[in-house]
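Trainee: In case you want the letters, here they are:
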Amino acid sequence: MITVTINYKGQIATEVGEDTEELSFQEPLPLIELLQALSAKATHAVSDFIFDAEGSPRRSLLVAVDDEQVIDFQNTLIKDDCVISLLPPIAGG
Amino acid sequence: MLTESEKLTYSWQLDVPGFGESEQLTLKNSTALVTRVGGLGGPVALSLAAAGIGKLILAHAGNLREDDLNRQILMSRDHVGKSRVQCAAQTLNRFNSSIDVEIFDENITEENIDKIAGNADIIFSCAPLFEERFLLNEAAIKGGKMLVDCAMYSMEGQVMTILPGITPCLKCIYPDKPTQWERKFPVIGAVSSLVAQIGVIEGIKLLCNFQKSSLGKLIRIDASSMEVKKIELLPKRVDCLACN
Ligand SMILES: [Zn+2]
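As they're listed, the protein sequences go chains F and A.
So for the first sequence, my numbering puts the first residue at 1; every next one is plus one.
So for the second sequence, my numbering puts the first residue at 1001; every next one is plus one.
Since the hints were made in silico from the structure, they are not lab data.
Hints are not guaranteed to be accurate.
Below, in silico cross-link-like pairs of lysine to any residue (SDA-like), each with a Cα-Cα straight-line distance of 25 Å or less [stated by the list, open to error]: (1) A/Lys-1229 with F/Glu-18; (2) A/Lys-1177 with F/Asp-72; (3) A/Lys-1217 with F/Cys-82; (4) A/Lys-1230 with F/Leu-77; (5) A/Lys-1142 with A/Leu-1234; (6) A/Lys-1229 with F/Gln-26; (7) A/Lys-1230 with F/Thr-43; (8) A/Lys-1177 with F/Cys-82; (9) A/Lys-1055 with A/Asp-1121; (10) A/Lys-1055 with A/Pro-1164; (11) A/Lys-1230 with F/Ala-40; (12) A/Lys-1082 with A/Ser-1225; (13) A/Lys-1217 with A/Leu-1163; (14) A/Lys-1177 with F/Leu-23; (15) A/Lys-1229 with F/Asp-52; (16) A/Lys-1229 with F/Val-46; (17) A/Lys-1205 with A/Glu-1110; (18) A/Lys-1230 with F/Ile-71; (19) A/Lys-1055 with A/Leu-1008; (20) A/Lys-1217 with F/Phe-73; (21) A/Lys-1229 with F/Arg-59; (22) A/Lys-1177 with F/Lys-79; (23) A/Lys-1028 with A/Leu-1234; (24) A/Lys-1217 with F/Pro-57; (25) A/Lys-1177 with A/Ser-1098; (26) A/Lys-1217 with F/Glu-68; (27) A/Lys-1142 with A/Glu-1110; (28) A/Lys-1236 with F/Thr-20; (29) A/Lys-1229 with F/Leu-23; (30) F/Lys-79 with A/Leu-1234; (31) A/Lys-1184 with F/Gln-36; (32) A/Lys-1229 with F/Val-4; (33) A/Lys-1184 with F/Thr-14; (34) A/Lys-1184 with F/Val-70.
To spell it out: a stretch of chain F is covered by chain A in this simulated footprint if at least three of its residues, at any positions, have a beta carbon under 8 Å from a beta carbon of chain A; those stretches are [stated by the list, open to error]: (35) 1-12; (36) 53-61; (37) 80-92.
A few chain A residues that don't get close to chain F, going by computed Cβ distances all over 10 Å [what the hints assert, rightly or not]: (38) Ser-1005; (39) Thr-1009; (40) Asn-1029.
Note that beta-carbon positions come from the ideal geometry of N, C-alpha and C, so glycine has one too.
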């Protein structure tokens, strides 16, 4: 069993109504599967920030694992205690 | 050379270790473009003026509205209905009469960007629309100019310093146009100002080659938890349309 922390930022945090959440999984898993699991249980608005209409991860969403940007969602393995930050684009001036 | 008056004006910052007369002279000989001059760009321009930047170029279209006043600190209530950028220039000139301020009552577009950004050494991008931010990103890369992209949303903010050819750019982290960003966003003026000050500090470090800039990192500011974190960014994308 692994437990990871999800940090929601920007408009995603507004949609979720929380800025952090802990999730548990049976075993380490690729980041893409974690995002799919997250999306499946989230509202449409939250899911829409993560995946586009074709089900591909949105390239305008910045994802960081343990404060390092990740773009290879297939080959990034999420292990126990990982912190995954979802940072949608912000442009407020 | 710094004049005797300038040495006196900036004497307290000339005491900062690593920041001496040559760094002050670099600031004096530098031109910064700040777009726009709202909740973020206004305090950016003010702190650059206080630090002794030689010239400010300000771009922001339109007249001040009453609902701008919670954050647009270069303007005051008697400015409502007047050109934002003219009011900003008045405030800045009163604050530091030795700096040059050039104003454009326009927002950045494809048509005017060369005219507005052409003479800047450094760009502070503080616009509320990605269209403008991407144009500034491209202009910085094309012109080999330093870029400090400052953005906020509600109780959060972020600052990214971009050195063309060296660091990833805005398009490297957002390769596709963000379609979900909305022009109207929640904002407390103090949070905008906080993000602005971090942007100015990074800009001064870059311009003056002073101390250590956060190149290749995204500085994230969370005013709820009062945490400042740095996200380690990947190198430039090989398929970035702006970098290549
Ligand atoms: Zn790029």
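Trainee: Look at each hint and say if it fits the structure.
Mentor: Right, here's what the structure says about each hint:
Of the pairs offered as hints, the one joining A/Lys-1229 and F/Glu-18 holds, with about 19 Å between alpha carbons and a cut-off of 25 Å not exceeded. As the CA atoms of A/Lys-1177 and F/Asp-72 are separated by approximately 19 Å, the hinted pair is consistent with the 25 Å bound. In summary, the hint linking A/Lys-1217 to F/Cys-82 is supported, as the alpha carbons are separated by about 20 Å, within the 25 Å threshold. Taking the CA atoms of A/Lys-1230 and F/Leu-77, the gap is about 21 Å. The hint holds against a cut of 25 Å.
Restraint check for A/Lys-1142 and A/Leu-1234: satisfied, since their Cα atoms lie roughly 21 Å apart, inside the 25 Å limit. Pair hint A/Lys-1229 plus F/Gln-26 does not hold up; C-alpha atoms about 30 Å apart against a cutoff of 25 Å. Distance restraint check for A/Lys-1230 and F/Thr-43: the Cα-Cα separation of roughly 29 Å exceeds the 25 Å cut-off, and the hinted pair is therefore not satisfied. Between the alpha carbons of A/Lys-1177 and F/Cys-82 the distance comes to roughly 29 Å, so the proposed pair goes past 25 Å and is violated.
The straight-line distance between the Cα atoms of A/Lys-1055 and A/Asp-1121 is roughly 10 Å, inside the 25 Å bound, and the hint therefore holds. The straight-line distance between the Cα atoms of A/Lys-1055 and A/Pro-1164 is roughly 22 Å, inside the 25 Å bound, and the hint therefore holds. Taking the CA atoms of A/Lys-1230 and F/Ala-40, the gap is near 29 Å; set against the 25 Å cutoff, the hint is violated. Between the alpha carbons of A/Lys-1082 and A/Ser-1225 the distance comes to roughly 37 Å, so the proposed pair goes past 25 Å and is violated.
For the given pair, A/Lys-1217 sits about 12 Å from A/Leu-1163 by alpha-carbon distance, which is consistent with the 25 Å threshold. Our distance criterion of 25 Å between C-alpha atoms is broken by A/Lys-1177 and F/Leu-23, whose separation comes to about 30 Å. Restraint check for A/Lys-1229 and F/Asp-52: not satisfied, since their Cα atoms lie roughly 28 Å apart, outside the 25 Å limit. Distance restraint check for A/Lys-1229 and F/Val-46: the Cα-Cα separation of roughly 24 Å lies within the 25 Å cut-off, and the hinted pair is therefore satisfied.
For the suggested pair A/Lys-1205 and A/Glu-1110, the alpha carbons sit about 29 Å apart, so the restraint of at most 25 Å is broken. Among the hinted pairs, A/Lys-1230 with F/Ile-71 is consistent with the structure: their alpha-carbon atoms are about 17 Å apart, no more than 25 Å. Restraint check: the Cα-Cα separation between A/Lys-1055 and A/Leu-1008 comes to about 20 Å, which is no more than 25 Å; the hinted pair holds. Taking the CA atoms of A/Lys-1217 and F/Phe-73, the gap is near 20 Å; set against the 25 Å cutoff, the hint holds.
Simply put, A/Lys-1229 and F/Arg-59 have alpha-carbon atoms about 22 Å apart, close enough for the 25 Å limit, and the pair holds. Among the hinted pairs, A/Lys-1177 with F/Lys-79 is inconsistent with the structure: their alpha-carbon atoms are about 31 Å apart, more than 25 Å. Proposed proximity of A/Lys-1028 and A/Leu-1234 is contradicted: the alpha carbons are some 34 Å apart, above 25 Å. Note on A/Lys-1217 and F/Pro-57: the hinted pairing holds, with a Cα-Cα distance of about 22 Å set against a maximum of 25 Å.
Among the hinted pairs, A/Lys-1177 with A/Ser-1098 is inconsistent with the structure: their alpha-carbon atoms are about 40 Å apart, more than 25 Å. Between A/Lys-1217 and F/Glu-68 the alpha-carbon distance is near 9 Å, which keeps this suggested pair within the 25 Å criterion. For the proposed pair A/Lys-1142 and A/Glu-1110, the alpha carbon gap of about 13 Å is at most 25 Å, so the pair holds. Distance check on the hinted pair: A/Lys-1236 and F/Thr-20 sit about 29 Å apart at the alpha-carbon level, beyond 25 Å; violated.
Simply put, A/Lys-1229 and F/Leu-23 have alpha-carbon atoms about 22 Å apart, close enough for the 25 Å limit, and the pair holds. With a C-alpha separation of about 20 Å, the suggested pair F/Lys-79 and A/Leu-1234 falls inside the 25 Å cut-off, and the hint holds. As the CA atoms of A/Lys-1184 and F/Gln-36 are separated by approximately 29 Å, the hinted pair breaks the 25 Å bound. Only pairs whose Cα atoms come within 25 Å are accepted, and A/Lys-1229 paired with F/Val-4 is accepted, the gap being roughly 19 Å.
Between A/Lys-1184 and F/Thr-14 the alpha-carbon distance is near 14 Å, which keeps this suggested pair within the 25 Å criterion. A threshold of 25 Å between alpha carbons decides the hint, and for A/Lys-1184 with F/Val-70 the separation of about 29 Å lies outside it, so the pair is violated. Remark: the region 1-12 of chain F is confirmed as covered by chain A, as 3 of its residues place a Cβ nearer than 8 Å to a Cβ of that chain, reaching the required three. Counting residues of the region 53-61 of chain F whose beta carbon lies closer than 8 Å to any beta carbon of chain A gives 3, which reaches the threshold of three, so the coverage claim holds.
Counting residues of the region 80-92 of chain F whose beta carbon lies closer than 8 Å to any beta carbon of chain A gives 7, which reaches the threshold of three, so the coverage claim holds. With 10 Å as the threshold on Cβ separation, the claim that A/Ser-1005 sits away from chain F holds: the shortest Cβ distance comes to roughly 34 Å. Residue placement check: A/Thr-1009 keeps its beta carbon more than 10 Å from all beta carbons of chain F (closest about 29 Å). No beta-carbon of chain F comes within 10 Å of the beta-carbon of A/Asn-1029; the shortest separation is about 27 Å.
When the structure is compared with the earlier hints, violations turn up for hints 6, 7, 8, 11, 12, 14, 15, 17, 22, 23, 25, 28, 31 and 34 and for no others.
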